[in-house]
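Numbering (full-length UniProt numbering), first residue to last: 1 to 591.
Don't take each hint at face value.
Computed Cβ-Cβ distance ranges for the label pairs, DEER-style [claimed, not checked]:
hint, residue 1, residue 2, range
1, Ala587, Ala184, 18 to 24 Å
2, Ala257, Glu394, 53 to 59 Å
3, Ala235, Ala184, 50 to 56 Å
4, Arg380, Gln511, 30 to 36 Å
5, Ser278, Asp400, 51 to 57 Å
6, Arg236, Glu325, 45 to 51 Å
Just so you know, these hints were derived from the structure itself, not from any lab.
Even for Gly, the Cβ is constructed at its ideal location relative to N, Cα and C.
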Amino acid sequence: MAAGGFLVLCAVLAIQEASGVSPWRAFAPIELGSNAVATMGFAWSLLQLRSYWRAEQARRAWFAATLGMGLLSVEGNVGELLLLKTHGPSEMALSIAMWFVAAYFLFKACRRYAMRRSVMTVLAVGFAAQVAAQYVGWLAAIEPDPAGRAEALEYLNDSGELAAVLAYVVALLLAEFAPLKSYAFSPSEVGRKGRALYRDFSLRNGGRYPTRIPFLQEAGARHVVLAVMALMFGARVGPSVRRAGGPGLLRQALDLARLGAQGIDAFSYYVLSLYKASGPRDVDGYISRVETKNGLMAAINRSAPAWGGARDMSDKIAFTQVCEENRVPVAPILGYASDGAFQPWAGPEAFDRDLFVKDRKGCGGKFTLNFERIAPLFWRDDAGGTLGYAELAERLAKLDRPHGLIVQPKLANHPSVALLAETSLVVFRVVTCLDDLGRPSLTHGLVRILRRFEKGWPRFAEKEWGAAIDIETGVLGPLLGDVASTCVERYPVHPVTGAPVAGVRIAEWDQVAQAAIEAHRVFSARPIVGWDIGLTPDGPRVLEGNSNMDVAFIQRCYETPIGRSPLGPLLDRHLDRVLSVEWDRLARERS
Numbered sequence: 001m002a003a004g005g006f007l008v009l010c011a012v013l014a015i016q017e018a019s020g021v022s023p024w025r026a027f028a029p030i031e032l033g034s035n036a037v038a039t040m041g042f043a044w045s046l047l048q049l050r051s052y053w054r055a056e057q058a059r060r061a062w063f064a065a066t067l068g069m070g071l072l073s074v075e076g077n078v079g080e081l082l083l084l085k086t087h088g089p090s091e092m093a094l095s096i097a098m099w100f101v102a103a104y105f106l107f108k109a110c111r112r113y114a115m116r117r118s119v120m121t122v123l124a125v126g127f128a129a130q131v132a133a134q135y136v137g138w139l140a141a142i143e144p145d146p147a148g149r150a151e152a153l154e155y156l157n158d159s160g161e162l163a164a165v166l167a168y169v170v171a172l173l174l175a176e177f178a179p180l181k182s183y184a185f186s187p188s189e190v191g192r193k194g195r196a197l198y199r200d201f202s203l204r205n206g207g208r209y210p211t212r213i214p215f216l217q218e219a220g221a222r223h224v225v226l227a228v229m230a231l232m233f234g235a236r237v238g239p240s241v242r243r244a245g246g247p248g249l250l251r252q253a254l255d256l257a258r259l260g261a262q263g264i265d266a267f268s269y270y271v272l273s274l275y276k277a278s279g280p281r282d283v284d285g286y287i288s289r290v291e292t293k294n295g296l297m298a299a300i301n302r303s304a305p306a307w308g309g310a311r312d313m314s315d316k317i318a319f320t321q322v323c324e325e326n327r328v329p330v331a332p333i334l335g336y337a338s339d340g341a342f343q344p345w346a347g348p349e350a351f352d353r354d355l356f357v358k359d360r361k362g363c364g365g366k367f368t369l370n371f372e373r374i375a376p377l378f379w380r381d382d383a384g385g386t387l388g389y390a391e392l393a394e395r396l397a398k399l400d401r402p403h404g405l406i407v408q409p410k411l412a413n414h415p416s417v418a419l420l421a422e423t424s425l426v427v428f429r430v431v432t433c434l435d436d437l438g439r440p441s442l443t444h445g446l447v448r449i450l451r452r453f454e455k456g457w458p459r460f461a462e463k464e465w466g467a468a469i470d471i472e473t474g475v476l477g478p479l480l481g482d483v484a485s486t487c488v489e490r491y492p493v494h495p496v497t498g499a500p501v502a503g504v505r506i507a508e509w510d511q512v513a514q515a516a517i518e519a520h521r522v523f524s525a526r527p528i529v530g531w532d533i534g535l536t537p538d539g540p541r542v543l544e545g546n547s548n549m550d551v552a553f554i555q556r557c558y559e560t561p562i563g564r565s566p567l568g569p570l571l572d573r574h575l576d577r578v579l580s581v582e583w584d585r586l587a588r589e590r591s
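Let's have the full structure, built from the sequences with the hints guiding it.
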């Protein structure tokens, strides 16, 4: 198809040369050729719109294509159609505006078919030809050239616009007829595969990272956001990376530009130490928040086989009930506060201990309260005030949270990890993934120290630190932070308490890992889960499960891409299921 478009371009240019008609004339062959090609593209888009009318996403794509080709088919005569008296720069400015609007609609259309070979490449060639053509056309409009150079510029403008509209029509034809791309990546390239599926099949489901503003998640605007991130992180973090023996600022800037084009953000570049990569392929195993937080994990969850099992892990009441019914160790819920009322689910004696309050729904501990027992049925709150049982119930009832609050016993740390925190619970993040038979496999484990919950500690840039766990031996690696500004730091000992970390073996690790496996057997509707587990003197307690976990922090602490971890081959199989589901959806649209 591309070769055919090139032959048409050559034929029209040859006819134009032989005609002797000036290229800017209304009936010049090159002008007629552009209009004819645009009209054919408009007709093709209309036919496709009719064919795909019942398929919502395809209908939107071909409606956009119809608008784009419609604009190009009338662009040359819009002044006459609207009775506008535009000449020179004004006429050219109107033409450029219409071309750019048309290109936007055509991009929206072709983006829907990015999984087909060459669609986006040919579209990009067309856009490049359009920009070049309009640049020389603008020069001809604003710089009258008595020596005759303007005629040459006009010719280049018309030739470029013809090439652009031909490329756009070819791209629309390829959207229907081109074969599908190959996604046969190795498991070690699971990051590259995930990004390709996320991009080509438009798996974006809302927008969570790096911004929640919807229009900034759109193509074009999203790349502007990534460019701004690159400038900010490069200025703030780049010098410290260079001082620590990393690459120079120019090399970092080139890396950020190259990886940004692939959809990898600057935060990932620094936090995952991608500046250490020796070549472009070294980053193919890394997965970033850009794809996982914005739709890839949701697509994996949607495409999972019907293995049964519980699904809802966001509602802490439902989660706790399911765990208790299946003998998964969890902290009990003592009461629930919502809509101005507090409902105790146990007698007052059950509350006579340190208490922990959190949202009923959600993950990550965004809203929490601590009540330290100081006497029978008396507590000290986070601000240092004291209150009794009746006052506690009244305060919780007055708190306005969207889904209410649950009250649980505040868990104590097991002696093996007690030196890693003072007032907060040391949390184990354990990652499990289902295999082809629906059986959970252990892939990663972290010890997480939540610095933001330690009010008496010095201020650090990090909100938390994590140490990777050797899943075979239970031995810890060094602590690493969760922010880019300290990406060069490794802490073999605790930065506050001085307790040894790197090389320490957690004797109870097998119990923690087994609790995660048992939990995933129950919640087997979710293919990949990051479990938060507390290790108490009475054994492990499952706190929550997250089916859209932060993959960046796991790779950060292990200093290894997911593609080269036990999760790589398992995740690769789940991505194959996503691909199969998307291919089936395409086939149904055409039937």
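So, going through the hints one by one against the coordinates:
no., hint, in the structure
1, Ala587 to Ala184: 18 to 24 Å, "holds, 19 Å"
2, Ala257 to Glu394: 53 to 59 Å, "holds, 57 Å"
3, Ala235 to Ala184: 50 to 56 Å, "violated, 40 Å"
4, Arg380 to Gln511: 30 to 36 Å, "holds, 32 Å"
5, Ser278 to Asp400: 51 to 57 Å, "holds, 53 Å"
6, Arg236 to Glu325: 45 to 51 Å, "holds, 49 Å"
Hint violations for this structure: number 3 only, all remaining hints satisfied.
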